[in-house]
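All chains, full assembly: derive it from the sequences and hints.
Per our numbering, the very first residue in the sequence shown carries number 1; after that it's consecutive.
It should be emphasised that the hints constitute simulated quantities derived from the structure, not laboratory data.
Quick caveat, the model's predicted, so the values are computed rather than measured.
Don't be surprised by glycine CBs; every beta carbon is placed ideally from N, CA and C.
Possibly wrong hints are sitting among the right ones.
As the list claims (entries may be wrong) - So the derived label-pair ranges between C-beta atoms look like this: (1) 8 with 35: 24 to 34 Å; (2) 39 with 13: 38 to 48 Å; (3) 27 with 7: 26 to 36 Å; (4) 38 with 9: 55 to 65 Å; (5) 26 with 1: 55 to 65 Å; (6) 15 with 38: 45 to 55 Å; (7) 5 with 25: 51 to 61 Å; (8) 6 with 34: 47 to 57 Å; (9) 10 with 38: 49 to 59 Å.
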Amino acid sequence: MSRFGLILIVLLLLLIGGVVFLSTVDTEVPPVQVEKAMLNEAAAK
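Structure follows, in structure tokens:
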């Protein structure tokens with residue numbers, strides 16, 4: 001196997017491993033309440 005083929009296989013394995021890791025990691029963020037001041041002009045519309 002050529003050196004290029006070996007490097008290509010290693011890169012593909014790293015890419016697949018990264019995709020599997022990102023699909024299993026817990027990325028859910030709890031919701032945060034945001035309070036925004038409303039101006040009277042915005043409420044009148």
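Hint check:
1. 8 with 35: 24 to 34 Å: violated, 53 Å
2. 39 with 13: 38 to 48 Å: Given range 38 to 48 Å: violated, Cβ gap about 56 Å.
3. 27 with 7: 26 to 36 Å: holds, 30 Å
4. 38 with 9: 55 to 65 Å: Holds, since residue 38 and residue 9 (Cβ atoms, about 58 Å apart) stay within the stated range.
5. 26 with 1: 55 to 65 Å: violated, 38 Å
6. 15 with 38: 45 to 55 Å: The hinted range 45 to 55 Å holds for residue 15 and residue 38, with Cβ atoms some 47 Å apart.
7. 5 with 25: 51 to 61 Å: violated, 31 Å
8. 6 with 34: 47 to 57 Å: holds, 51 Å
9. 10 with 38: 49 to 59 Å: holds, 56 Å
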